[in-house]
Every structure is written in structure tokens, then in C-alpha cells.
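Order-wise, the sequence lines are chains D and L.
Under full-length UniProt numbering, the first residue of the first sequence carries the number 1, and numbering increases by one thereafter.
Under full-length UniProt numbering, the first residue of the second sequence carries the number 1, and numbering increases by one thereafter.
One or more of the hints may lead you astray.
If several chains are the same, the list does not tell them apart, and a pair holds so long as it fits within one copy or across any two.
[Unchecked claim] Quick list of in silico lysine-lysine cross-link-like pairs, DSSO-like style, CA-CA up to 30 Å: (1) K190 / K310; (2) K147 / K310; (3) K190 / K171; (4) K171 / K147.
Simulated from the structure, these hints should not be mistaken for laboratory data.
The structure displayed is predicted, hence computed values, not measured ones.
2 protein chains.
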Amino acid sequence: MKVVITGGAGFIGLRLAEELLRRGRLTGPSGEPEAIDSLLLFDVSEPPARPAWADDRVTFQSGDISDAATVSGLIDRDDISVFHLASVVSGGGELDFDLAMRVNLHGGLNVFEACRARSGLPRLVFASSIAVFGGAGMPAVVGDHVKQTPQTTYGMTKTICELLVNDYTRKGFLDGRSARLPTVIVRPGKPNQAASSFVSGLFREPLNGEVCRIPVAPETMMPVLGYRSIVGGFIALHEADGEALGDDRAVSLPSFTVSVAEMIEALNRVASGRSLGEIVFEPDPFIEAICAGWPQDASHDRATALGLPKDASLDVIVENYIEDYL
Amino acid sequence: MKVVITGGAGFIGLRLAEELLRRGRLTGPSGEPEAIDSLLLFDVSEPPARPAWADDRVTFQSGDISDAATVSGLIDRDDISVFHLASVVSGGGELDFDLAMRVNLHGGLNVFEACRARSGLPRLVFASSIAVFGGAGMPAVVGDHVKQTPQTTYGMTKTICELLVNDYTRKGFLDGRSARLPTVIVRPGKPNQAASSFVSGLFREPLNGEVCRIPVAPETMMPVLGYRSIVGGFIALHEADGEALGDDRAVSLPSFTVSVAEMIEALNRVASGRSLGEIVFEPDPFIEAICAGWPQDASHDRATALGLPKDASLDVIVENYIEDYL
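Chain D on its own, in the form it takes in the complex (with noise of 0.2 Å):
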């Protein structure tokens, strides 16, 4: 089978294609265990260099998803799977509207609409976000059963992509499910225009010797989970059976819900004998009022139920970035 990895340049996308080489199987449309013969990664552009880890199954292609024939030409045969990752991200979605509405409104309707033109019935599993709460009437702890007004143009589209996959999937159109992520964390490489993306930072730069700015008040809390457990979470979640999601198929993963106080603590635990970079607190109120607006805590026991993975502490998180990237 193929399995068509959009966002597939960025670090989840290439940590999940290069997990799911590892494994070598999916559960194809035939509702059996197939071999993955060729693993497509689409992406606005190719990464720098091609992975070690890449094969002759990867080929990378660049494009613009809001393409439709773009989109179905990626889409080409009936035995395939798609992770949906392609997304302007939260920052990027405040700063430009209408990128935010053609890459993740129109971007998405392409790919659904790319898998509905198969004959067989794709799998299809989309990356959301725990952006699609939010607002007045959001409550302390935001679960899946909690009603969706997200603040955020990112969250918004997010959330719209949602109700797309539970009827394109009601349809009989494809065969979806969607990953709700909390903040991800430790992203490597550059600040990205996440409004989350210091959460990364105060664990990256200071393990880099760098000065961190920490755009929020340490007292901000917020659920994050490891790469790792992201990317196991996307393959459970494809792997998952469908009955047992019903109706709705958007799914909150597992998260730790911290202070970015406790973040720093568990850095400095983790880190012990490393000399780190200063971490300064510096209030931006662009990223606090998106932040603000964010769930400031999760449950998850939908995703418990369906056994999706979670890291065993943010120790072993940080500990894993370490041993990944350092």
C-alpha cells in the first residue's frame, strides 16, 4: 500500500514516515495489515537534505495543497493511507487570514476530496489541535465532548476540518479519524510562527547554551506531550477501529497538563551537569492573548480507552530530546 504523509517535511512528518518505515505495515482499505510499498511526504517544499533513514520507498514532492489537481495526483491509488499534517500554524493563521483559510480550509477539502475519489475507502487521519476550544463559554478542563469555539483563525479552520472528516467519513467518502494535539514538545531546529513555539525554546535554546525568551508568565499552564507519543498517537489512531470511534472521530491525545515554571524545573532536572542558556521572561501580549485563549487543561479518556500512547513523565520527554537531538 501507499501512504501519503502531507506536512511531510516538517519534523512530526518526517519522525512519522520515519516510524512507520520502521514498522512497514498499516491496516489498508481492505481492513488487513498491508505492506507500505511507497511512501509518498508532500510538503510546501522539500527538506534540505534526504534523511539516512529515507529508502527507495520515500519520495518527497513540493506543492501547493490548495491545488486540487495537485492534491489528487498525490492521492493515485485505491490501497493507500493519507496523514493529513499540512497546516498554517496558529501564529501564522492570526498574522495571515487568508493563507490560514487556503492551506488548512481549501488545503484540507482537497485531500478529502482527493480520497473520496477512490475506490477504495482510505484511512485518513488528520492532525487537529486542542486550538479548536476556547472562548468565554470553554470550560477549566476541555474534554471531546466540550462544544468548539476556538479563537483562533488556526483553531477555527481546525475545527472545521473535524466536522468535514466525522461526515465525509458518515458518508462512506473515506475512512477518517482526527488527532487532536496539545502542544508539542521539543520541537528541534528554529522558533516557528507557533504561538506555542516557546514551549519548545525553553527546553531547546537553553540545552544549545542559548538565551531563551519566554514570551508568558511562568504561571501559564498548558497540556503538552512528547514527539514521540504524537507519533504513536497518529498510528493507534489509524490503526484504531472504527466502530469503537463512532460518530465522532476527532480524538483529544493524551497530555501532561504543566506550568511553564514546571517545564523549566523538569529541564533543570533532566539537564543537570549541562551548562544551560538563560531563560528570561519577556511578556508579549500577541502570543499571551493567543495563549490566553487556549484550553489551559485537558482530559483524554476517550484516548486512554482506545489505548493511544503517552510519554511516562516530562523528564522522560526531555530525557528523549536529548537522546534524539543531542
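Got chain D; can you put chain L on it based on the hints?
Only chain L this time, still in chain D's reference frame:
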């Protein structure tokens, strides 16, 4: 100021137009009441005859709401308000997914974008539906804070437009409000493709001396509201203070929760002395399945707090229909 009603040649569109002309004024983008000097009724086709109440302020225009240029041509002044009622109905959306997407989703986007392009901040009232609720997780009573997991393409597209109205409002592109309609009674004329069409039919056909076939069981419960309160609700929501609406601009209109049997009892009470056509129960699995997925009961605390109107009783709704149409 100008007022545009999409779906303006439909039953509710025409009644809304008549009531707006009678009132003569609305709150404009200035925040002050302004005289309505132009009322444009846009629909897929013009009404068969120009209504007697349509004075020289009124223009009818037919066209395709999924064509962006057409829609931006309608919304061509800065001192403007829009009532966006155009929609493929529930049963029609189940029969033609692509049409529902084109009219309800892309048509809605065209309307919102055309409002955004104005230099004022047009008020927009979007006709949503309690069909936004549904699914296995739906509580017995649906209120404004209940998660929206619609089980029809119609409900899905209505939910998406609610989300868009909220985000376009948050971004300052327009000043939107969504009115979530229960089943509207009593629609005159012919049955339509709405799965709830029989609910008006059970009053209308017997009063016309015709046989009415009911596709669901007598104990089927649903929230209903009379068309006079629907029209009054649209206007009251247009006039409501935006601050009082907060960040979730979607409000379920008031409703009565009644069974099919109770509606037949009301008909028999109000129409005593008239010769009524027979009512025959003929279950239709397609309609039953759609209705079973809809809310059986709805609360409307926010609507009540905002002063949105509610008919005095079910009997009064039937009396109004007899007065207005027979």
C-alpha cells in the same frame, strides 16, 4: 441603508422582507438606526409573482450564490446589512452532498467575504439550524453550549458557517450573528426536501382538505417555532448588542418541544368546526433516520435573555397560519 436577504424568494425570506419594510429601519454599520432605502431579495429564482407589499424599495435578483462575483455584486454598499438564509435543506443535502457543499459552505464563504470587502462593518444574520446537533454524544436537551456533532451534511455545513461567522466577527471583518432555527411551522405551499417538511404538512394539508402522510411515529418529539417568531428573532438578533452576544455569536431561537401527536391535537383544537383532510402514518426510514439524529428537546436561555420572541402557544401558531394564509 441597503438590506440583502439571500434565499429572499423563500417563505421566510419573503416574510422577513415584508416585516423589514413595515418597520422601515434597522441598525446600520454606524451603530445607529437607519432608514432602509433598498431591499434586495436574492435567490436561485425570482418568485412567480411580485408580492403586493413589494414597494419600489424592493428588487428581486436570481443567481448562483456559489459564484463569488455574483455575491459581491449584491453586497455593493458600505451602509448594508445581510440576512443570509440561502441554503440547501436537510433532505436535499443528504441526496446531493456536492450541492450542499457548494451552496451552504462555498455560498456562505462568498457572502462573508463580500461583507468583509466593505469598508463598514456590516451586520450579518446567518440562518443556522438545530440540525447542528446530533450523534451518539448528544444530551437529551441541547443548549447553546452543547458540542456540535451534526449527523447530516446540512447540519455540518450550518455548523461550519457558525464557526466562520464567529471568526469573521472576531477578526473585525463583519458583525455576525447566527440564529439557530428549530423546525419552522407552518410553512404554506408545497412540501419541500427538508426532512422536517411533514411537520408543516400535518397542519397545512388537513386544513386544505388534503390527506397528509406522516413519515415518523406520533410520539416523535421536536422543537418547533412559528414563522412570526422566526422572523422576529432574526430582526431582534440583528438589533442585539454585539457585546451582549460575546464571542459565540450563535444563539438557538426559542422553541416549543412537542410531539407529532400534540401538534395534531393542537390542529384539531384550533380547527374545530372545519372539515380536515385525513392524517395517515406511513413510516419512511430515510426521514425517520434523519429525524432520529436531531435533537428531541432544546433549551434557549440565551435567546430568552436577549429578548428574542416566542409565540404564546402552539395553538397561537396554528391560528396565525389560518389568519395569514387561509
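### Task
List, from low to high, the hint numbers that the structure doesn't satisfy.
Violated hints: none at all, because every hint is consistent with the structure.
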